[in-house]
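The lines below spell out each chain.
2 protein chains.
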Amino acid sequence: MIGGSIGLAIKKRGLAGEVVGVFRRRATLKKALKRRAIDKGFLDIKDGLRGADLIILATPVSSIVSIGRDALKHTGPGAIITDVGSTKGWIAAELDKASAKLPAAFVGSHPMAGSERNSVEFARDTLVEEAPCIVTKTRDTDRKALARIVYFWKSLGAKVKVMTPLEHDRSVALVSHLPHVVAFGLAGAVPEKDMAYAAEGFKDTTRVASSDPHLWADIFLANKKEVINACRRFELSYKKILKALAKEDYRGIVDVLEKAKSKRDRFIHGRG
Amino acid sequence: MIGGSIGLAIKKRGLAGEVVGVFRRRATLKKALKRRAIDKGFLDIKDGLRGADLIILATPVSSIVSIGRDALKHTGPGAIITDVGSTKGWIAAELDKASAKLPAAFVGSHPMAGSERNSVEFARDTLVEEAPCIVTKTRDTDRKALARIVYFWKSLGAKVKVMTPLEHDRSVALVSHLPHVVAFGLAGAVPEKDMAYAAEGFKDTTRVASSDPHLWADIFLANKKEVINACRRFELSYKKILKALAKEDYRGIVDVLEKAKSKRDRFIHGRG
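Residue numbers (this note's numbering), protein chains in the order written: chain A, 1 to 272; chain B, 1 to 272.
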């Protein structure tokens, strides 16, 4: 979905001479060609890397490092490898290390756009437009490669922010991984017979619980420490409501809800 | 919002000779007239009740009982009073009692449709179409009045289910009140500076945290016991994910997420 969307966006904006996709499965390759998300597709990474200037790793978090190492080995000088993974600490540390003695550079990226629908059929060329995109910078990051990756995401219309992998993992645990834990927890808590009475509120609050369980188990594990920290913050906030409710403290409940609402409202209006 | 939407729907379907609104504020009355959600509006409940066959109480939960008592006193034989409140136990008990020696009948309703946007400007005539609508039945409920209320909501296109107030409060705590507690808790937990990196997942998961804090403090308090029970169920489900994560148990995490996802997916597809 995200790889296909980036392919469509690059082609729409004419940012590359050729968009080449590498796939595990021939069926996905065919779908991507049909969708015109790529100009050419391969099943062997070596074929796909030949002459590539920019390599975007759009695989599940758990395979980015191994595929990235492979890609670094088969890529020439001047080429840049980036990824779109939802965690950055481990990926950046491993691929910084792997690229140290090789001609290609690695810069981590995370376009904050996605969907619970995880397949090239759902790709769209506007996916990253106006979306936040975090690009990570470490002591080892090549400065020119960093500038080119920032320029690349800006060319696709994303709002780019550069930070360290740790800053990324902390923020993203809060705004993305935590909502997934909570949504899965919520969908898991409600007996199916009661769902018959669910309306839009339940549907929206649990939307991301329809995401791919394997992808998200990977992400939670790759960012375990920060996900657990974010969950602790959530529990404190959630328990404030329950404590005020147990005491039948109307004013106390309203205070907690008002703070949460006004923060969210400012965020929504800030985005326009 | 909900009162106005019902007014618009009744008028669109020609279900009443006249739709009369009663308001606390003249400004809202004017907006409702302008929006054509009502034919006539009053600020005094006695004026609004004159000759009414069906009275729908669309006020915050905390004032439904007092306004309902008032309405019962000023309503003649054959008239039916219903409400659209998000909790039913306390409301039904009090209004059953109040109607016992009066000519008008009370039947509790809860159309499960709404929005975080709480004003007549957001009213729409399709709000309750296809929405679940719970109608409550107690030992004291007049059977003919019950049948008329069921017929009324079906005429607006709602999917009606009759149950006891307690069954209502239990189910709705799970599918509506709990998601609100969780969404407010989540919006409250995330520091504003991190929200800059939030994408659609966060936006959807917290949407209902933009709801009115006073309305929701009322609802939580009116359904305290069931809300707390629903929260306990949520905590068990949420903690299963965290425990598997702490143990770095990939299979365990996937299992919990898969159960939650498949339940939600069946619910979404079941709705078509």
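Among these hints, one or two may not hold up.
Identical chains blur together in the list; that is why a pair holds if it fits in one copy or across any two.
[To be verified] In silico lysine to any residue, SDA-like type, Cα no more than 25 Å apart, as pairs:
#, residue 1, residue 2
1, K203, L242
2, K203, I268
3, K193, R266
4, K224, Y250
5, K203, F122
6, K243, H214
Everything labelled a hint here was simulated from the structure, so no lab data went into it. This structure is a prediction, so every number in the text was calculated from the model and none was measured.
Verification of the hints:
{"no.": "1", "hint": "K203 with L242", "verdict": "both (23 Å within a copy, 23 Å between copies)"}
{"no.": "2", "hint": "K203 with I268", "verdict": "both (19 Å within a copy, 8 Å between copies)"}
{"no.": "3", "hint": "K193 with R266", "verdict": "between (36 Å within a copy, 11 Å between copies)"}
{"no.": "4", "hint": "K224 with Y250", "verdict": "between (36 Å within a copy, 12 Å between copies)"}
{"no.": "5", "hint": "K203 with F122", "verdict": "both (20 Å within a copy, 20 Å between copies)"}
{"no.": "6", "hint": "K243 with H214", "verdict": "between (35 Å within a copy, 17 Å between copies)"}
The structure shown violates none of the earlier numbered hints.
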